[in-house]
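Asks: The listed protein sequences correspond, in order, to chains A and B. In terms of full-length UniProt numbering, the first sequence is residues 1 to 260. In terms of full-length UniProt numbering, the second sequence is residues 1 to 268.
Check each hint, because a few of them may be wrong.
Ranges of calculated distance between the beta carbons of each label pair, as one might list FRET restraints [claimed, not checked]:
id, chain 1, residue 1, chain 2, residue 2, range
1, B, S15, A, K39, 34 to 44 Å
2, B, P40, A, L122, 24 to 34 Å
3, A, R38, B, K83, 32 to 42 Å
4, B, S76, A, T16, 31 to 41 Å
5, B, G145, A, R233, 26 to 36 Å
6, B, R186, A, R38, 35 to 45 Å
7, B, S76, A, Q190, 52 to 62 Å
8, B, D59, A, L32, 25 to 35 Å
9, A, D138, B, R72, 13 to 23 Å
10, B, L73, A, T13, 47 to 57 Å
11, B, D59, A, L122, 29 to 39 Å
12, A, I2, B, E142, 54 to 64 Å
13, A, L168, B, K113, 48 to 58 Å
Here are the simulated lysine to aspartate or glutamate pairs, DMTMM-like style, with alpha carbons at most 25 Å apart [claimed, not checked]:
id, chain 1, residue 1, chain 2, residue 2
14, A, K46, A, D223
15, B, K219, B, D247
16, B, K33, B, E4
17, A, K46, B, D137
18, B, K57, A, D36
19, A, K39, B, D102
20, B, K50, A, E119
21, B, K83, B, E110
Everything labelled a hint here was simulated from the structure, so no lab data went into it. We put the beta carbon where it would ideally sit given N, CA and C, even for glycine.
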Amino acid sequence: MIADRLQRIGHSTISTVAGFGRAGFMLFGALLGKPDFRKGFPLLVKQLYVIGVLSLLIILVSGLFIGMVLALQGYNVLVKFGAEGMLGPLVSLSLLRELGPVVTALLFAGRAGSALTAEIGLMKATEQLSSMEMMAVDPLRRIIAPRFWAGVICMPLLALIFNAVGILGGHLVGVEWLGVDAGSYWSAMQANVDLYQDVMNGVIKSLVFALVVIWIALHKGYDAVPTSEGISRATTETVVTASLAVLGFDFILTAVMFGG
Amino acid sequence: MLSEILIDIQGLSFSRGDRPIYRAMNMQVQRGKVTAIMGPSGIGKTTLLKLIGGQLKPDSGKILFEGRDIPRLSRSELYQARKKMSMLFQSGALFTEMTVFDNVAFPLREHTKLPESLIRRIVLMKLEAVGLRGARDLMPAELSGGMARRAALARAIALDPELIMYDEPFAGQDPISMGVIVRLIRELNNALGLTSVVVSHDVTEVMSIADYVYVVADKTVIGEGTPEQLRNDPSPLVQQFLRGEADGPVPFHFKAAAYQDELMELTR
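Chain A with its partners taken away, still in its complex shape:
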């Protein structure tokens, strides 16, 4: 009974560690070695489009609405203290430090991460990866690497776009609708937002999230059981694992950046 349970714990620990090992090997194999820009660049551009540009719409719409909601909620509290002039910093700091990187990463995991997992899982199931290997083309270099770099490049940019649109959304609600003074919205924001402390830390956060989300998505696809059931499970796992990992890393990074 106890031995059984111990055995199960041991088994799941070993398989988890083995999963980390396989994920590490995959990334290692994809990124190691000298890059071939002549062949690699067109592949990267294509993935930048698929992963980045096609995620723009959901990022723009979500950013706008989150900025608007922040302004609405923030205004209701601030106005009680007569501090509605601080609405600009409230909206911009919330977005730059937290919501921008985190929500972008969550949306990215749902939009691009799940698509990547399904695509690679399906390539595996239809033997495309195997046949590429038999044609002496390394699928890690050819399939995984461009997607990885595209994700790492796109996510910080998407987060910055999310922030910008969110701040505009805050302006729309706060200034245009609720009547906060436009001058104080922008000037208080300018006075309170620091380039390194706030903007750069947000970018660093989203870079870390990008690595985590894209690595999980690619690994889950590459490691998927090549059946329709296996691919659907891998896709779900990507979204769940990547979202939880993003939230976990966010807490750690926030503690390091703003805790002291």
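Starting from the structure of chain A, add chain B where the hints point.
Replies: Only chain B this time, still in chain A's reference frame:
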């Protein structure tokens, strides 16, 4: 003078998890011949092709391709060796996001520095050989199963390999495309001087094109020879397989407890 034997498998053992697939198996593939590997489904015929291609590593034994032991090759040596072999997967495994033309051009663009005009000519020649020159602008999703397999065949011969391995080329084909593929395998083998390995369980088709046949079951080779020799093979297992009998040395029933005992259990 090149050696007559292209692939020499010696004492190959391989297991998946705890389940042994092959035990001390020997097999030889003659250069320029069509060698068929037959056997019931689920005995790891595809696995054998992946072992030859170096995608899987055996537990023990040698797999010599042109005298070099595939499992012992370094990564770059293995990739060099793979340029001389190609494999036709059961599903065709065409790249779904490229046209038929780009699929066939893929190995050429990856491994040669030929100018695009020459690549175009080679691709058209290969597509002509499989009768799909007119389908070059279609996407793989627009092809029928038989056409997809022929397109994949054109891609497989794009780099003029020494060896081509067919994984279940006849499975799930209608009689016409089956006939087309049978003819293609034979003609390509003769015209291009290829060596072909065909893995299949379609007895009639295989017996009609193979120069030499191995029957694999029970983790090893149970019968071998030319199609003529095999038809006269005394082994009951070989005969059961060739004639497609439901019961025999390979039992119809999956391993189970005694029938009567299980029925009685219910009434208890």
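Asks: Against each hint, give a clear statement of whether it holds in the structure.
Replies: Here is what the structure says about each hint:
no., hint, in the structure
1, B/S15 x A/K39: 34 to 44 Å, "holds (38 Å)"
2, B/P40 x A/L122: 24 to 34 Å, "holds (29 Å)"
3, A/R38 x B/K83: 32 to 42 Å, "violated (19 Å)"
4, B/S76 x A/T16: 31 to 41 Å, "holds (33 Å)"
5, B/G145 x A/R233: 26 to 36 Å, "holds (27 Å)"
6, B/R186 x A/R38: 35 to 45 Å, "holds (40 Å)"
7, B/S76 x A/Q190: 52 to 62 Å, "holds (57 Å)"
8, B/D59 x A/L32: 25 to 35 Å, "holds (28 Å)"
9, A/D138 x B/R72: 13 to 23 Å, "holds (19 Å)"
10, B/L73 x A/T13: 47 to 57 Å, "violated (35 Å)"
11, B/D59 x A/L122: 29 to 39 Å, "holds (31 Å)"
12, A/I2 x B/E142: 54 to 64 Å, "holds (59 Å)"
13, A/L168 x B/K113: 48 to 58 Å, "holds (50 Å)"
14, A/K46 x A/D223, "holds (23 Å)"
15, B/K219 x B/D247, "holds (19 Å)"
16, B/K33 x B/E4, "holds (10 Å)"
17, A/K46 x B/D137, "holds (20 Å)"
18, B/K57 x A/D36, "violated (29 Å)"
19, A/K39 x B/D102, "holds (15 Å)"
20, B/K50 x A/E119, "holds (23 Å)"
21, B/K83 x B/E110, "holds (11 Å)"
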